[in-house]
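Student: Listed below are the residues making up each chain.
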Amino acid sequence: MILNQLPLARIFLGVFLVMSSWLHSQSFFFSEPERDESLRELTLSTIFQDSRGYLWLASAQGPIIFDGLSYELFTKNDSTSNNVSAIAEDHSGKIWIGYEDGSIYYKNFEGLTAWIPEEGLPAAPITGMEFTKNGQFWFSTYGEGIYVFENNRVYNFNTDDGLTGEDIYSIACDENGLVWAANDGGISVCSFADGQKKVNNLSREDGLPDEIVQVLKKDKSGKIWIGTYEKGFCFYDPAIKKIVVPEVSWEGGAINCFEVFPDHEVWIGTEDKGLWVYDLTNGNIEEVADNASFSNAKIFDLQKDMEGNIWISSNKIQLTKTNRQFEFVWDIPPNIQALIVDGDGTVWLGTQNGLFSLQPGLQSSYEEHLASLDINVVSLFEDEFGNIWIGTFGEGLYCYHPGRGTYRLFTQNDGLTNGSILSLDGRPGELWIASLGGVTTFEYDEDILESRRYNSKNFNQNSALGTNFIYKVFLDKQGRVWFGTDGKGLALYEKGQIKNFDYQDGAEGLSSEELVDRRFKTVYSITQGASGDIWFSTARDGLFKFDGENFVHFTTEDGLRHMEISCLEADRNGNILIVHPEGIDLLNETTGTITYYNDQVGLANFEPNLNSIATDTSGLTWVAGQESIIKYAPVLEELRAAPLTVLEEVSVFLEPIRKNQDSVLNHKQNYLTFRYDGLWFTDPASIRYQYMLEGYDLEMITSRDKVATYSNLSPGQYTFRVRSTQNKVFTNEPFKEFSFKINEPVWKRAWFLILCSIVIVVLFYWYLKIRDRRLQKVNLLKKEKIESQFETLKSQISPHFLFNNFNTLITIIGENPKLAEQYVENLSDYYRSILTHRDKDFISLEEEVELVKNYRFLLEKRFEDHFQLEINIKHYDILVVPMVLQLLVENIVKHNVISRSKKLNASIEYDGGDYIVVKNLIQKKLTPERSTGFGLQSIIKRYALLTNKKVLVGQENESLLFWCRPYQRNSKHLKHKTHESTHY
Amino acid sequence: MKFLVVFCLLFFESISPGYEFEKIYRGDNGYVHFVSEAPLEVIEASSRALQGILNTDKGSFAFSVPMKSFEGFNSPLQRVHFNENYLESNQFPNTTFQGKIIEKIDLSVDGAYNIRAKGKLTVHGITKERIIKSKVLVKNGKINIKSNFTVLLEDHDIDIPKIVFQKIAEEIKVDIEINLETP
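Respectively, the protein sequence lines represent chains X and W. Counting in our numbering, the first sequence runs from 1 upward without gaps. Counting in our numbering, the second sequence runs from 985 upward without gaps.
Keep in mind that a hint or two might mislead.
[Said to hold, decoys possible] Calculated lysine to any residue pairs in the SDA-like style (CA-CA distance at most 25 Å, straight line):
(1) W:1117 - X:161
(2) W:1151 - X:152
(3) W:1088 - X:155
[Said to hold, decoys possible] Quick list of the computed label-pair ranges, beta carbon to beta carbon:
(4) X:744 - W:1112: 54 to 64 Å
(5) W:1064 - X:116: 36 to 46 Å
(6) X:101 - W:1155: 26 to 36 Å
(7) X:591 - W:1136: 48 to 58 Å
(8) X:591 - W:1084: 13 to 23 Å
(9) W:1084 - X:205: 21 to 31 Å
(10) X:78 - W:1155: 22 to 32 Å
(11) X:205 - W:1126: 43 to 53 Å
(12) W:1136 - X:704: 50 to 60 Å
[Stated by the list, open to error] Some residues of chain W that are not near chain X, with every Cβ distance over 10 Å (derived):
(13) 1012
(14) 1017
(15) 1029
(16) 1041
(17) 1056
(18) 1060
(19) 1065
(20) 1069
(21) 1084
(22) 1087
(23) 1092
(24) 1098
(25) 1126
(26) 1133
(27) 1165
Just so you know, these hints were derived from the structure itself, not from any lab. Glycine residues also receive a C-beta, built at the ideal position from the N, C-alpha and C atoms.
Given these sequences and hints, build the entire structure.
Tutor: Structure representation (structure tokens):
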């Protein structure tokens, strides 16, 4: 950002002094916002208010944005001139800055960015920029005519195209999208459509008073105000399509700028003759200020804001503002107690020292009436005959006709009950008089002053009024008469009856809450709002509204600034004016919003008296205070009654993010800063903010800070809401919101957790399956082992085996008892071996070979030398499944022919390699032995369960090879293995 | 020939009564180069037949280039298409630009200037008003002008068949350079 690099760029004011100075002009109250020293040096020219509500000020060092309190200067990031000559906003809300050197920049998220069209930029100062509804961008120059940018192309209008001059002072876009350009030859009205330029010139023949036109300004009604160099101003009225020159004598010289309050008045800034106001209602034109602040000043620009303030930049006062709604008369008689405005607009002032009048027009001074009487006037009323009724304190009631100069005094002898007349009101044929002796009414048919004929009627404390002290009498639009009493609340006269709303009297049937709402013992002032509701104020209990059925109580908690209200009046815009010692509050009847006006608009030490408020026939309200009379002239356009809240910036770890995007943050982006602003130029220091981060804060936080910071936010959905107020309470002010989401870290997100659990489940399932398979394998092995043991036992103790052995034994017992003995020993060894190895998973090859050797001995004796088994083992350091070799040998014997002619040779070999090889010649029996197939199968299965190595059965030449891998003794695997070969 | 017409106009103006002899600069053999950067093909061509005339007193100028003088296409056929189908060079032989310089700069004084020329650009018989930014170098009575700008085909009714469209950009980038001197 450019701004961080420049020391001047960011100017925030640590201390805001309420007012640097104020200037008493005759009619307006001007106040200057506080500025930093470095800014004071600058000349501020153009003032522009953007759609968000910020003010933009053009200076020679760059554009400055101003929120009422702080200023921020933007400078280009190149070395070209920063002298700003024009500021405008396009339809998307982007701010465009035109410079003296002809360059054009726009303000975006990053700062100022140069606008560079292919055609290049003017070499002359930019004097105006307009964005038309059809998307064209027009800019005028002082020296090169006007340019229009459309479809990526820039086109130029100059004298060759029909312009009356190339020095364009000002441009304005009319309602038809035509661009008006003020120059030294009049006005050139330009349009550009389908590549065709059209120029229409307006000159003296068309009604312009002067051909040098310096300024053009379109108002909201569509009129274009035209300021000339020498001959004053005029305007183009689109309704009659003509230039209208007002009949005023203009003495202000060259005109620089306008600001228009439609149907109300036009403010005119001049080149060297100060500031003027042209009143549209009566056609008067007057110079503003008789003191030095604007006299002979050069006014650079005028700009009204959305609150009714008008901002003025000039060569004498850099920047000042006044609230257009309040005009002041400073030259007034002291101690004013009553004020009315008669039908001619004359303001009548009743004071402790007599009666005064003030003629319309703010410049005139006052005049005293009935000076010889030396009366203390507390109330005034004008009847339909133009008589002024004057209520005095203790000296009775006067009726005075100012035109004829005649008057008459009414006292207790004339029907009054008391000489202190506190309030007067009436309607044709009726005069109502509130005094310290109750209420008196005069009914008459003719002018009382002339005819002296009337009927009087009295109501006193014995009536429903309940007291003799009546502060206020008020006739509403429906003809009802309302009374404000001392200590007995509000009373109403309707259809010949007086009804009292005193809460004490009507206490029955009211809840305690309703009682509180009726705490209006002493009523000072009564008025009727536009909607017909009756509003009245009390001595100390604030304000009440009565809609005919219910009372609504307003206190400081509802936004009232002061509980002691002096007087009330309804204005023409639907507001209730609440006048109290600290100034004036404006209560909008529809929205309930209360707007404060205080010393910032000139209402310091105001303190008016009870009867010092009146509204004239044109709807302007006059209020007399201690030092001034103000004329409250509600501006006829809708004003903002509450500050505008702007959520300026959202930062993550102090880095601003775009508010419309990036609203999804990751779990580490959890440090957020919100910068917001409440724009209220009327009294910027009064702003308070209320905010909360939904999803984090449980309730609203009220603060004066413009920044809210949240750190360590946990993942979730959040909405930041902020609003601002100028009256200390928050009612219906709209919120500005920013919603965002901080994501869970990846490992906490649902999809990740689901994925993880799926993986876990799958893994677990897989594990179970493997375990299951292994268990099955183990079971199978066990079963196989048992089966094998069983089979082995079965075969070894089968009668056949025993029979064979015993036969052999019988044969050799006789011939070789020694051998027989050996034979029995071997047989016995053999059985013992079986018994020993039966339960083992593995035995050493040595043991197995021992067993086989025993078995071989038995076989050799049985078959004599027809069967030969060679055992050729080179390494014994391995393990085998028990009896695997014996089984194979048995198999060989079982399935092959062994006879004298067919000797059977078999061998068992192991050379330390992978396999033990058992092989034999194949001599199949002609009638094959019935086989269970158990032997070989059992071996294969057991090896398959114990190891992944296969037992191989193969045929090689005449012999059947059978080999299998033995288990290594040191094998990590299970047990061991066998291999064998068997001959069949 | 448009260029001659313009030349004559300027010439007559210059000798019309009430004027002193005006400073006229002219030049031939100026360089024009254009490039069309379409997704499928980059087409480039250039010409050295740009003629120009500049009145430094009034800031008025006229430039012209015959379309048939362009060389350097990707193929001879492309050049034929360029002249016959798209630019219709027989019917509209020259591209011209004539108008006035917006800045009020005395171009008879040595120096380097950035100027903008506002004038009428006629391509394919269609005239559009344009502002063209240029760099001007004045030295020893010679003026060197360099500029670049874009021309939209649509602006000048140059119709390209849809199939060829992929090969020709809608926006043609042009850059020129010319030296002018007093005759």
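Student: Each of the hints needs a verdict: does it hold here or not?
Tutor: Hints, verified against the model:
1. Between residue 1117 (chain W) and residue 161 (chain X) the CA atoms are separated by roughly 19 Å; this keeps the pair inside 25 Å, and the hint holds.
2. Distance check on the hinted pair: residue 1151 (chain W) and residue 152 (chain X) sit about 23 Å apart at the alpha-carbon level, within 25 Å; holds.
3. With a C-alpha separation of about 18 Å, the suggested pair residue 1088 (chain W) and residue 155 (chain X) falls inside the 25 Å cut-off, and the hint holds.
4. Against the hinted window of 54 to 64 Å, the Cβ-Cβ separation of residue 744 (chain X) and residue 1112 (chain W) comes to about 59 Å, which satisfies the hint.
5. Range check, residue 1064 (chain W) to residue 116 (chain X): about 38 Å between beta-carbon atoms, so the 36 to 46 Å window is met.
6. A hinted range of 26 to 36 Å holds for the C-beta pair residue 101 (chain X) and residue 1155 (chain W), which are about 29 Å apart.
7. Between residue 591 (chain X) and residue 1136 (chain W) the Cβ separation comes to about 53 Å, which falls inside the hinted range of 48 to 58 Å.
8. Separation of residue 591 (chain X) from residue 1084 (chain W) is about 59 Å and departs from the stated range, judged on CB atoms against 13 to 23 Å.
9. Checked against the hint of 21 to 31 Å, the C-beta distance between residue 1084 (chain W) and residue 205 (chain X) comes to roughly 28 Å, which is consistent with it.
10. Look at residue 78 (chain X) against residue 1155 (chain W): about 28 Å separates their beta carbons, and that is inside 22 to 32 Å.
11. Checking the proposed 43 to 53 Å range against residue 205 (chain X) and residue 1126 (chain W) shows it holds: the Cβ atoms sit about 49 Å from each other.
12. Evaluation of the 50 to 60 Å hint for residue 1136 (chain W) and residue 704 (chain X) yields a pass: the beta carbon distance comes to about 56 Å.
13. No Cβ of chain X comes within 10 Å of the Cβ of residue 1012 (chain W); the nearest lies about 27 Å off, and the non-interface call holds.
14. With a cut of 10 Å on Cβ distances, residue 1017 (chain W) stays outside the contact zone with chain X, its closest approach being about 17 Å.
15. Residue 1029 (chain W), annotated as away from the interface, keeps every beta carbon of chain X farther than 10 Å; the closest lies near 21 Å.
16. Even its closest Cβ contact with chain X, about 16 Å, leaves residue 1041 (chain W) beyond 10 Å, as expected for a residue assigned away from the interface.
17. In this structure residue 1056 (chain W) is separated from chain X by more than 10 Å, as the shortest Cβ-Cβ distance comes to about 24 Å.
18. Against the 10 Å criterion, residue 1060 (chain W) stays outside the reach of chain X, whose nearest CB is about 33 Å from its own CB.
19. Non-interface call for residue 1065 (chain W) relative to chain X: holds, since the shortest CB-CB distance, roughly 27 Å, exceeds 10 Å.
20. The beta carbon of residue 1069 (chain W) is kept farther than 10 Å from every beta carbon of chain X, the shortest such distance being approximately 25 Å.
21. At roughly 7 Å from the closest C-beta of chain X, the C-beta of residue 1084 (chain W) falls inside 10 Å, breaking its exclusion from the interface.
22. For residue 1087 (chain W), the condition that its CB be more than 10 Å from all CB atoms of chain X is violated, with the nearest at approximately 5 Å.
23. Every beta carbon of chain X lies more than 10 Å from that of residue 1092 (chain W), the smallest distance being close to 19 Å; the non-interface claim holds.
24. The beta carbon of residue 1098 (chain W) is not kept farther than 10 Å from every beta carbon of chain X, the shortest such distance being approximately 7 Å.
25. Every Cβ of chain X is farther than 10 Å from the Cβ of residue 1126 (chain W); the closest lies at roughly 23 Å, confirming the non-interface assignment.
26. With a minimum CB-CB distance of about 6 Å to chain X, residue 1133 (chain W) fails to clear the 10 Å threshold, and the non-interface call is violated.
27. For residue 1165 (chain W), the condition that its CB be more than 10 Å from all CB atoms of chain X holds, with the nearest at approximately 25 Å.
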